[in-house]
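There are 2 protein chains.
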Amino acid sequence: MSLYPSRVVLREVGMRDGLQSLSSVLPTERKIEWIDAAYAAGLREIEVGSFVPPERLPQLADTPALVAHARTLPGLSVSALVPNLKGAERALACGVDRLLVPLSASHAHSLANLRKTPDDVIAEVGRIRAARDAAGVKTKIEGGVGTAFGCTLQGVVPEAEVMRCLAALLDVGADDVSLADTVGYAGPGAVSRLFTQARALAGERLWCGHFHDTRGLALANVIAALGTGVDRFDTSLGGIGGCPHAPGASGNAATEDLAFMLDDMQIVTGLDIDALLALRARLTTWLPGETFHGALARAGRPLLTGASWTTLPSAA
Amino acid sequence: MSLYPSRVVLREVGMRDGLQSLSSVLPTERKIEWIDAAYAAGLREIEVGSFVPPERLPQLADTPALVAHARTLPGLSVSALVPNLKGAERALACGVDRLLVPLSASHAHSLANLRKTPDDVIAEVGRIRAARDAAGVKTKIEGGVGTAFGCTLQGVVPEAEVMRCLAALLDVGADDVSLADTVGYAGPGAVSRLFTQARALAGERLWCGHFHDTRGLALANVIAALGTGVDRFDTSLGGIGGCPHAPGASGNAATEDLAFMLDDMQIVTGLDIDALLALRARLTTWLPGETFHGALARAGRPLLTGASWTTLPSAA
Chain A
1 MSLYPSRVVL
11 REVGMRDGLQ
21 SLSSVLPTER
31 KIEWIDAAYA
41 AGLREIEVGS
51 FVPPERLPQL
61 ADTPALVAHA
71 RTLPGLSVSA
81 LVPNLKGAER
91 ALACGVDRLL
101 VPLSASHAHS
111 LANLRKTPDD
121 VIAEVGRIRA
131 ARDAAGVKTK
141 IEGGVGTAFG
151 CTLQGVVPEA
161 EVMRCLAALL
171 DVGADDVSLA
181 DTVGYAGPGA
191 VSRLFTQARA
201 LAGERLWCGH
211 FHDTRGLALA
221 NVIAALGTGV
231 DRFDTSLGGI
241 GGCPHAPGAS
251 GNAATEDLAF
261 MLDDMQIVTG
271 LDIDALLALR
281 ARLTTWLPGE
291 TFHGALARAG
301 RPLLTGASWT
311 TLPSAA
Chain B
1 MSLYPSRVVL
11 REVGMRDGLQ
21 SLSSVLPTER
31 KIEWIDAAYA
41 AGLREIEVGS
51 FVPPERLPQL
61 ADTPALVAHA
71 RTLPGLSVSA
81 LVPNLKGAER
91 ALACGVDRLL
101 VPLSASHAHS
111 LANLRKTPDD
121 VIAEVGRIRA
131 ARDAAGVKTK
141 IEGGVGTAFG
151 CTLQGVVPEA
161 EVMRCLAALL
171 DVGADDVSLA
181 DTVGYAGPGA
191 VSRLFTQARA
201 LAGERLWCGH
211 FHDTRGLALA
221 NVIAALGTGV
231 DRFDTSLGGI
241 GGCPHAPGAS
251 GNAATEDLAF
261 MLDDMQIVTG
271 LDIDALLALR
281 ARLTTWLPGE
291 TFHGALARAG
301 RPLLTGASWT
311 TLPSAA
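Top line first, the protein sequences correspond to chains A and B. Residue numbers for the first sequence follow the UniProt record's numbering, beginning at 1 and rising by one. Residue numbers for the second sequence follow the UniProt record's numbering, beginning at 1 and rising by one.
Read the hints as simulated data drawn from the structure, not as lab findings. A portion of the hints provided could be inaccurate.
The following label-pair restraints were derived from C-beta to C-beta distances [said to hold, decoys possible]:
#1 T291(A) - A40(B): 44 to 54 Å
#2 A160(B) - Q266(A): 16 to 26 Å
#3 D272(A) - V137(B): 55 to 65 Å
Just so we're clear, the structure is a prediction, and the values are computed from it rather than from any experiment. Cβ atoms here follow ideal geometry from the backbone N, Cα and C, with glycine treated the same way.
Chain A on its own, in the form it takes in the complex (with noise of 0.2 Å):
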């Protein structure tokens, strides 16, 4: 396994993707305390929530205030999504680390999710960073090139209209870039080759895996993506997130049991993952009647607490 990165980065998007796609509201102080716990079981870069019109996406409305009590937190990257430069300004005034815009390669997704095509996106991108750059603020700009597998809409998405929007997206001035199989089309092959050509174009601006779990390949898509040197994910407790175009998908990779993963890989990610099984059990609670997914919090850990067969009775 020694082609792997050593160290990996979770970060846990559960509140932006997963609660956008939720028809539960969860109140503020709730929120605070999930950001409070993820933190303190490792989890060292938050997604907190969308600048987004709030009647749009009432879920995510308290996202200043969330962003406000995250940068509290010491070492903590407090990132948001935005959709357009409105959203990126206020994100710039309250002080996010990092600002997410997502672009679809999918041209059809692009003006299904959107109402914007790919190159609208683009150009938008190089507005936010003419934004951020008369701000004179150390936020970061990442541009997140979604549907980059295939597109429940469009179908085929071709990987060199993928490679295309990434190139043109560092163009205009994204600091980073990543990319996302925003409907779960992805399967190992296709992850190693896309993410290997996009590391050949982006270098270390290539940034973070995004996987959906729809057809069961969520970690073994991060296996093949960490083959190619990546060593970020996206991840939610307990799976939670979806996409509206996505019939069955099954969520985000869950943030518990890709931990499990890694850890079993022993690549170090400075995550207690006890504390966030604990966490998600929480969420549970708070979110009744929503699904939530995750194959370890159903099983549980393993029993593996040093007994061996030379210290049982039976073998004596």
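Since chain A is already given, all that's left is putting chain B on it; use the hints.
Frame of chain A; chain B shown alone:
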């Protein structure tokens, strides 16, 4: 992905590992339909049942009839599980191509599940080898070392004990040996480590990997095993199968999900995924009330039928 085998064999074990864990008893005619449809979908290795006393597992009492039918299909390797010499003698008389003798590397699991110690099983494999040689038949003898990654009853299973069992099985006359994560404890790190050691020990006589999806890692574990050169895996349609000593177990790696992943990795399996999904759908009607697993059946195959953004009206 060039380090992986270019061709992989899936051995369907749903009729044995699956049915033995279900309370339903499927009529022999249905099982024959199952064999025929699995064969038509491209499966060329099927474990059709077990030669255990019919009163212990009535679900599998028709194994001799199934072997007789399966032997009529050209190119199909027909295997069956045997717990002891008596079962092996029956299997040899029926003309199976391969008989699998299970051994639990966990002493506690071995006593609970087989009522024998690992060394009792090793000695029995020696007797089975003698019986096979005396019969003058070509039946292969496979020693399957289970609980190789830990055990719900015992906890840790030392790697050295697993290797000792593998070596002893080969020494007493097993043609091939396999490793199984009977209770779903394995992660990719442990898989890579143990299969690398096993290959160093057994070479080409390391035959097969057997993973359960208890903690959502079955497919990730397959990738880890592929990386060590393993090119054969036990799977079951719909992931049916479990272990009475593994609470929360969620079945075997699902044949259709693994076929889908390998196809994405451009690894040849010879399998028709749509035919596998169709057969899985029939199984759910034959086994009402039983729990089926697998993500592909839930989410469907990706809609990648050649459309691309350049051909969509909205992109004009």
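Status of each hint after checking the structure:
Separation of T291(A) from A40(B) is about 36 Å and departs from the stated range, judged on CB atoms against 44 to 54 Å. For A160(B) and Q266(A), the hinted distance range of 16 to 26 Å is satisfied, since their beta carbons lie about 19 Å from each other. The supplied range of 55 to 65 Å is met by D272(A) and V137(B), whose beta-carbon atoms lie about 56 Å from each other.
Figure legend: structure checked against the earlier numbered hints; the only hint not met is number 1.
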